[in-house]
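Protein chains in written order, with our numbering: chain A, 2 to 293; chain B, 3 to 336.
Keep in mind that a hint or two might mislead.
Pairs of lysine-lysine residues, derived as PhoX-like cross-links and limited to a Cα-Cα distance of at most 20 Å, are as follows [as the list claims (entries may be wrong)]: (1) K91(B) - K103(B); (2) K133(B) - K15(A); (3) K103(B) - K133(B); (4) K159(B) - K176(B); (5) K39(B) - K111(A); (6) K133(B) - K159(B); (7) K245(B) - K133(B); (8) K39(B) - K108(A); (9) K159(B) - K15(A).
Rather than coming from a laboratory, the hints here were simulated on the basis of the structure.
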Amino acid sequence: MTEKSGIRSFPWGKIIPFIILLIFSIPLILGIYWIIISTFSVSTRGLVPVDSAGNPGGLTLANWSFLADPVVWKLTLNTFILASTQTLGVLLVSSMAGYALARINFKGRKSFLGSTMVLQAFPATTLLIATYFVLRFISGIPLIKVFGYDTLGGVILVSIATQLPLGIWLMKGFFDAIPWDLERAALIDGCSRWRTFRQILLPQIRPGVAALSVFSFITGWSSFLIPYSFLTNQDTAVISTYINRLMQDTAPVNYSLVAAVGLFQLLPVIFFFIFTQKYLLAIFSGGMKGGS
Amino acid sequence: MGLRSRHSSSVTTTSVQEPNNGNIFNIDTGKKTLGNKYDWLIFMGPAMILVAVFFIAPVIIVFIISFTNMSSLTGFSNWSWIAFENWIKIFTHPQSGQHVKVTIIYVFFTLIFFNVGLALLLAILTTHIPKAAGFAFRALWLVPRITPVVVYIMMWKYLMADSPYGIFNEIFFKPLGFETSEIIAAHPYIAIILVNGFIGASFGMIIFTSAIESISKDIMNSSLVDGANIFQRIKYIIIPQIKWPLMFVTTFQTLSLITSFEQIMILTDGSYGTEVWSLWAYHKGLNNYFGQFQWGFGMALAGILVIISIGFCIAYLKFFKFSDMIQEPKIETL
């Protein structure tokens with residue numbers, strides 16, 4: 002019923018948004034198309050695959066031969082460990098902090114909330130150069146040196162820390178939106194804060210947790226600057242730094258090969274995104290209905 | 003409603019002395035704390051430690067080193083204190099003006115046109131077309147953010163390259179009879195704004211989409227029944243309903259644009275006059291062709307960014323009356 006009145010109200014409604022979206026998306030569509038084409042080409046002119054002499058044609062699978070290289074799979078594993086571990090870390094730390102900021106009245110609550118925003122403003126340069134000193138310092142401490150310079154652990158910790166301001170803000174927002182009746186009853190009945198958090202509130206913000214997971218995993222999977230700055234060891238390198246090395250090492254850079262490795266890194270993320278996108282959009286509508 | 007909240011407040015002002023013993027209300031104390039007094043420390047602890055180690059400590063290090071002449075010439079042991087010399091050098095440096103100019107242009111136009119403007123447009127458009135199509139477009143716009151930055155930049159280099167390689171030149175400019183050119187060299191500002199904007203738009207798009215989808219279907223539909231057109235609907239229903247996400251995205255993206263340089267570094271490495279302030283600091287302090295690192299001066303350049311950014315934050319807090327938005331914790335005040 003409302004659907005029909007919608008169509009009457011917006012006679013242009015179904016077509017114009019499509020056209021505007023398409024126009025704005027042209028560079029992306031062309032660029033992605035080119036990446037896919039070029040991974041199967043010797044070279045490209047515009048969007049046309051060409052052979053080494055510059056004539057149309059030149060389709061090849063040679064760019065994908067890197068898949069037989071065990072080093073690539075080692076890097077893929079590293080990238081996965083980095084992305085998934087830092088995602089768990091971000092979720093845990095920021096949901097705990099978000100809960101406290103949304104629900105517990107403590108001294109310095111407001112200033113911490115305000116400063117999470119300020120934290121995001123710290124220049125990456127600041128963090129990179131000075132964090133290098135911090136990681137070097139951690140490396141010198143026996144028990145926690147696995148989180149020091151040139152370790153995956155160190156990169157994971159730095160990654161978690163840089164995503165905290167965003168995570169805490171989002172989580173706090175989700176907790177704020179939850180009606181407090183359930184939790185109040187539980188607390189008054191003597192349920193501990195930790196149990197209330199885990200058993201009553203966390204299930205309520207599942208869509209928020211899913212959304213933050215997607216953000217965080219994608220960030221970790223494709224991150225470049227942090228691993229590039231703090232991982233020099235080839236054994237702990239990730240795909241991003243490998244691609245960068247490909248672009249620097251080979252004398253005339255084989256862009257078709259770089260695009261192929263890039264597509265290899267991109268595909269799992271796209272599948273991941275396709276299957277979790279509904280969580281992202283259910284963020285506000287879904288999770289809140291239960292409690293109220 | 004009034005009755006209800008008065009009733010609830012009388013319940014919450016009672017406190018629980020022994021959590022495990024259940025319903026023991028101590029009406030006399032009127033304390034406002036539920037549960038253990040130090041619960042917040044457990045919840046905030048991990049975040050506070052990480053913030054202390056990876057935000058506060060590095061910033062202190064930046065300001066300390068900015069007062070030294072530490073560089074690759076002095077090494078880590080032979081440096082000395084030089085007071086404000088690095089800071090004075092910033093104001094007398096002949097290149098400072100150019101770096102300020104490009105930074106302002108880059109941040110302003112990327113923010114207005116892409117990170118907020120286009121993001122809002124994308125969110126509104128993709129929520130007003132069939133679900134599957136909206137999903138497809140949002141997925142497409144997330145590709146720049148999730149694409150490895152080196153590959154993303156390589157894509158743009160190819161898009162903007164001169165003929166016979168460049169895609170824009172081959173597909174649009176050449177067939178239409180325009181001069182072809184190396185677009186990055188000919189229009190470097192447009193290049194860096196486009197490259198960053200196409201990444202930046204997706205952040206706001208996701209946040210705005212979630213917010214728009216969360217607007218009650220009743221409100222949305224009643225606006226249709228009342229005969230509101232799309233512009234009225236945006237102005238009177240969507241924008242007021244997503245005020246908080248709009249503020250969040252604007253604030254967040256301004257601050258992160260000021261400090262971002264990764265894409266520009268890979269695209270132009272600061273040539274054609276595109277060396278934004280943060281890239282300048284990075285080049286001075288961590289990475290340049292000559293291997294001559296001026297840690298002291300680079301840290302002072304970064305320190306300027308920290309100060310400017312904090313200033314921005316305070317202005318935002320005041321402008322948006324953030325303290326009003328930061329609500330009291332529900333569980334203890336109601």
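Hint-by-hint comparison with the structure:
Taking the CA atoms of K91(B) and K103(B), the gap is about 18 Å. The hint holds against a cut of 20 Å. Taken as a hint, the K133(B) and K15(A) pair is honoured in the structure, with Cα atoms around 12 Å apart against an allowance of 20 Å. Of the pairs offered as hints, the one joining K103(B) and K133(B) is violated, with about 42 Å between alpha carbons and a cut-off of 20 Å exceeded. Restraint check for K159(B) and K176(B): satisfied, since their Cα atoms lie roughly 17 Å apart, inside the 20 Å limit.
Restraint check for K39(B) and K111(A): the C-alpha separation of about 17 Å stays at or below 20 Å, so the hint holds. Restraint check: the Cα-Cα separation between K133(B) and K159(B) comes to about 33 Å, which exceeds 20 Å; the hinted pair is violated. This hinted pair does not check out: K245(B) and K133(B) have alpha carbons roughly 24 Å apart, beyond 20 Å. With a C-alpha separation of about 11 Å, the suggested pairing of K39(B) with K108(A) holds against the 20 Å cut-off.
Between K159(B) and K15(A), the direct Cα distance comes to roughly 34 Å. Violation of the 20 Å bound is thereby established for this hinted pair.
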